[in-house]
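Take 354 as the starting number for the sequence shown in this note's numbering and just add one per residue.
Treat the hints as calculated values from the structure; they're not laboratory data. In this text, all values refer to a predicted model and were calculated from it rather than measured experimentally. Beta carbons: idealized from backbone N, C-alpha and C, even for Gly. All clues given are correct.
Listed next, with one range per pair, are the computed distances between beta-carbon atoms:
#1 Gly372 / Lys406: 30 to 36 Å
#2 Arg446 / Ser425: 27 to 33 Å
#3 Ser450 / Ala358: 27 to 33 Å
#4 Tyr445 / Ala358: 22 to 28 Å
#5 Tyr452 / Asp410: 19 to 25 Å
#6 Lys397 / Gly372: 19 to 25 Å
#7 Asp416 / Met371: 31 to 37 Å
#8 Gly374 / Val423: 31 to 37 Å
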Amino acid sequence: AHFVAEAERLLDGMEADMGRGTQLPLVVATIKEGSCARKNCLLKKAYVHVSKKKFIDAVKADDGDVELFVVSGDCKDTRFMQFGGIVCEMFYRADLSVYG
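Using the sequences and the hints, build the whole thing.
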């Protein structure tokens, strides 16, 4: 429950940034964006549902400094799961579209 609350705190920040519309994201909430941030060494922290095994294994295989929090248990009715069960914080704001 604590990890879900932390992930949802990051989602709040992401939604506030989106509402402003002028800032590059600091938080991303899709596997594609999380993978792009990971591959380009931008990933600082990731809250990932246990069902995202491929992503979890990739982060662990990197053996880097990413703080990985695997969320398990009953969290199906949470905003965390509504956003797909992945919330990633990057080291700094970045336009991931330029990284491919």
